Amino acid sequence: MSSPRLLILGAVFHQKALFTAAKKRGLVVYAVDKNPETELTSLADYFFPISTDDVDQLVSLIKREQIAYITTGATFDAIYTAAVIKERLNLPSLLPSSKCLTVALDKAKTRAVLEKAGLPVPTGGVATTLEEAWAIADRLTFPLIVKPAYASGSKGNSKIHSLRQLPKAFLEAQRANQRKKTRAVVFEEIIIGKVLSVEAITIGKKTYTVAAGEIDELPGNYNPVVGTITPAKLPAATYQTVCTLNDQVMTALGINNGATHVNYIVDKHGQPYLIDCNPRLGGGEIVWDSIPRSYQVDLSDMVTELALGERPKVNYSFQGIISGLKRLIPPQSGKFYGLTWDKKVQKRLSIGGVYLYLKPGTAVTASPKVTGDLVGSITSWGKTHAAVTSQLAEFEKILNWDIRQTR
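Our numbering applies: residue 826 is where the sequence shown begins, and numbers increase by one.
Calculated from the structure, these hints are not laboratory results.
Incorrect hints may appear among the rest.
Below, in silico cross-link-like pairs of lysine-lysine (DSBU-like), each with a Cα-Cα straight-line distance of 30 Å or less [claimed, not checked]:
id, residue 1, residue 2
1, 924, 1005
2, 888, 1006
3, 934, 993
4, 934, 980
5, 1030, 849
6, 1093, 859
7, 934, 888
8, 924, 980
9, 1006, 993
10, 934, 849
11, 849, 1138
12, 1138, 1058
13, 980, 1006
14, 1058, 984
15, 848, 1031
16, 848, 1030
17, 984, 1005
18, 934, 859
19, 924, 941
20, 980, 941
21, 980, 888
22, 984, 1093
23, 941, 1006
24, 924, 1006
25, 1030, 924
26, 941, 848
27, 1030, 1006
28, 849, 1031
29, 934, 984
Since we're looking at a predicted model, the values are computed, not measured.
Build out the structure end to end from the sequences listed, making use of the hints.
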């Protein structure tokens, strides 16, 4: 009997964990991407240079190759294509419905739904013309974040401090709307606070908040990211609020199955405000390295189970963490912390970042210096490099954590 066949839409490096999870299960992995030279072609058993939004070609491929299941991970709107194909061919994969994704993938529509449901979003508005943009900005308090309604990865986002900067930011955001799905642009007042990167998974209408990382930015929000901290250092009450909000958000959007990547800003009063919601896995190392190490949970494997029509068992505590991890992203972190990065090291780590791991069983509290037992494991793409290990002393200076052994 031949192994089950799974089609993964998108083969960029952000999908690596999904490919790995599928291969561990013994699946025959088919992959498509419009770029024939994309990063993960070698991880697939069969690769085809097909765009992830070409439904007709993909349906033909599935029928011809007798592919049983379909999924995607961190590729922006490929989840919509997967949902359409699943519904057309009646595949068993558990995915969000295409109907709910027409809202969930659009920031303007999502904002309207969440506002109607009374859920906390930053003060703002949506404009489709420059005249509407002037009117919205005139009643808001600067600085503002301006972002396209149909895009991801902060593409087309701008921070403006005055009306003079509005026309350029508005037009750039409109141009960044992908596939010309909409001309809508979202305006939001900036909330000063801690930025969270949260991963949730919904299984049969029940949402589990799996993990939360803290985005380490240059001073102020919507600035260059210098790293991530996993897990986020938050009071238990704030964690619980995030869990409750995630459940309410998925209910409002009608998401019954699948992974969702949500960003919140937590203000000085501990109130989280939703600033972004993507019905897909988060991208990059935070999903395939940081979260598994900090929470001992494999989100990509859960998504693979859903693709197979199975319901993953989630029997862990959201706060049942085993370690702390800080990931630095060169060159931004070097500029921010005053580090001198070796050029070869920087080139090697430009995608993966640098990881600082703390031993399991340690309690982490804020401190102006590092004391205690720091594990000197600095890695990129899961491999330790001697070239960066020599810089451990410098990294210790900027880690800013006091590590104490727990009893």
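Here is what the structure says about each hint:
Of the supplied pair hints, the one linking residue 924 and residue 1005 holds, its CA atoms being roughly 18 Å apart against a limit of 30 Å. A threshold of 30 Å between alpha carbons decides the hint, and for residue 888 with residue 1006 the separation of about 28 Å falls inside it, so the pair holds. Taken as a hint, the residue 934 and residue 993 pair is honoured in the structure, with Cα atoms around 23 Å apart against an allowance of 30 Å. About 18 Å separates the Cα atoms of residue 934 and residue 980, which keeps this hinted pair within 30 Å; it holds.
Among the hinted pairs, residue 1030 with residue 849 is consistent with the structure: their alpha-carbon atoms are about 27 Å apart, no more than 30 Å. For the hint linking residue 1093 to residue 859, the alpha-carbon distance of about 44 Å lies beyond 30 Å, and the restraint is violated. Distance check on the hinted pair: residue 934 and residue 888 sit about 34 Å apart at the alpha-carbon level, beyond 30 Å; violated. Distance check on the hinted pair: residue 924 and residue 980 sit about 24 Å apart at the alpha-carbon level, within 30 Å; holds.
At most 30 Å may separate the alpha-carbon atoms for a hinted pair to count; residue 1006 and residue 993 meet this at roughly 20 Å. A distance of roughly 38 Å separates the Cα atoms of residue 934 and residue 849; the hinted pair therefore is violated under the 30 Å criterion. Between residue 849 and residue 1138, the direct Cα distance comes to roughly 18 Å. Compliance with the 30 Å bound is thereby established for this hinted pair. Proposed proximity of residue 1138 and residue 1058 is supported: the alpha carbons are some 26 Å apart, at most 30 Å.
This hinted pair checks out: residue 980 and residue 1006 have alpha carbons roughly 15 Å apart, not beyond 30 Å. About 26 Å separates the Cα atoms of residue 1058 and residue 984, which keeps this hinted pair within 30 Å; it holds. For the hint linking residue 848 to residue 1031, the alpha-carbon distance of about 27 Å falls within 30 Å, and the restraint holds. Distance hint between residue 848 and residue 1030 is fulfilled; the C-alpha atoms sit about 28 Å from each other, no more than 30 Å.
Restraint check for residue 984 and residue 1005: satisfied, since their Cα atoms lie roughly 23 Å apart, inside the 30 Å limit. Straight-line distance between C-alpha atoms of residue 934 and residue 859 comes to about 28 Å, which keeps the hinted pair within the 30 Å bound. As the CA atoms of residue 924 and residue 941 are separated by approximately 18 Å, the hinted pair is consistent with the 30 Å bound. A distance of roughly 27 Å separates the Cα atoms of residue 980 and residue 941; the hinted pair therefore holds under the 30 Å criterion.
For a cut-off of 30 Å, the pair hint linking residue 980 to residue 888 is broken: about 35 Å separates their Cα positions. In summary, the hint linking residue 984 to residue 1093 is supported, as the alpha carbons are separated by about 21 Å, within the 30 Å threshold. Taken as a hint, the residue 941 and residue 1006 pair is honoured in the structure, with Cα atoms around 23 Å apart against an allowance of 30 Å. Annotation: proposed proximity of residue 924 to residue 1006 holds, straight-line Cα distance about 15 Å (limit 30 Å).
For the proposed pair residue 1030 and residue 924, the alpha carbon gap of about 15 Å is at most 30 Å, so the pair holds. Proximity of residue 941 to residue 848 is assessed by CA-CA distance (about 42 Å); at most 30 Å being required, the pair is judged violated. Taking the CA atoms of residue 1030 and residue 1006, the gap is near 28 Å; set against the 30 Å cutoff, the hint holds. Proximity of residue 849 to residue 1031 is assessed by CA-CA distance (about 26 Å); at most 30 Å being required, the pair is judged to hold.
In summary, the hint linking residue 934 to residue 984 is supported, as the alpha carbons are separated by about 21 Å, within the 30 Å threshold.
Hint compliance for this structure: hints 6, 7, 10, 21 and 26 are not met, and every other hint is.
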